Amino acid sequence: MGTHVPVLLEECLDALRVRPDGIYVDGTLGRAGHAFEIAKRLETGRLIGIDRDEAAILEAKEKLSPVSDRVSLVHGNFRDIGAILERLGIPAVDGMLFDLGVSSPQLEEAERGFSYMQDAPLDMRMDRTAALTACEVVNTWSEERLRQILFEYGEERYAARIVRAILAARAASEIVTTGQLVEIIKSAMPAAALREKQHPAKRSFQAIRIAVNDELGAVEDMLEAAVGRLCLGGRLAVISFHSLEDRLVKNAIQRRERGCTCPRDFPICVCGFTPTLRAVERKGMRPSEREVVDNPRARSAILRVAERV
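Heads up, the sequence shown is in my numbering, so the first residue is 1 and it goes up one at a time.
Quick caveat, the hints were computed from the structure, so don't treat them as lab data.
These numbers were taken from a predicted model, which means no experiment stands behind them.
A hint or two may mislead.
The following label-pair restraints were derived from C-beta to C-beta distances [as the list claims (entries may be wrong)]:
id: 1; residue 1: E174; residue 2: L194; range: 20 to 30 Å
id: 2; residue 1: R282; residue 2: Q148; range: 26 to 36 Å
id: 3; residue 1: L194; residue 2: D69; range: 45 to 55 Å
Positions of the beta carbon are idealized from the N, C-alpha and C atoms, including for glycine.
Turn these sequences into a full structure, and let the hints steer you where they fit.
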């Protein structure tokens, strides 16, 4: 197992302004790289670490053992952050961090089925207790639905061609491995696309993973719940790795900055909504060239930070 390098670590710590007596949430615990550095800065404070992957919870428990007196670990989905904090008796927190990327262990463990570089069962579940798998999506979802997720979630310009190839293949026999799916995707793409630097299956795998785990719906729910649980002046920090998620996060912050939802031609506000967030960094923060060299997986990361008002 390689050394885990948390993305945009210093930027996240600066954004959260960790206080020794503060209460913080790491809603995407993973290998606990961010969580460990937050917990190290606490004295009487508390860190709540959440992950939907039970394997991540077990690994994080060992990583966080030196600071275990300041940490509570929860197996759960960050979309349920409100209910989780309610259950723990925590009315408000000083900061929340969410890293929306697929964790390194999930990519490295072939049997999880996230990687298009290794042949494995077609799974892609972040929470292995969940019912829906990539195998079910690929083999049972309709042509229209598959085309929609590849186009919208993967921004795949050959979505229609790839879906036709999937339908033809599954009519002959069930598609059960990532290797089979990769070959089907490649067979549907023109020669010029196969010569591109990016792996031909990358966008499709991203789209199917998002659909299997309802990632965009979870992010929407998380943002809504998180704002309600931040104390005044508390910080929300979200790391995204592709444009679809980043756009969702950016737009959610902007809506909560504006507050009022009345049509522009209304002479006065009648909706009653007031601003609840203020963006700390308008353009988002990206990793330095040095970090990208040291950790190539950080290349597409962008951090957005907002403060509760």
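These are the hints, each one checked on the structure:
1. Range check, E174 to L194: about 25 Å between beta-carbon atoms, so the 20 to 30 Å window is met.
2. Restraint check, R282 to Q148: a C-beta distance of roughly 31 Å satisfies the suggested window 26 to 36 Å.
3. Checked against the hint of 45 to 55 Å, the pair L194 and D69 passes, with Cβ atoms roughly 54 Å apart.
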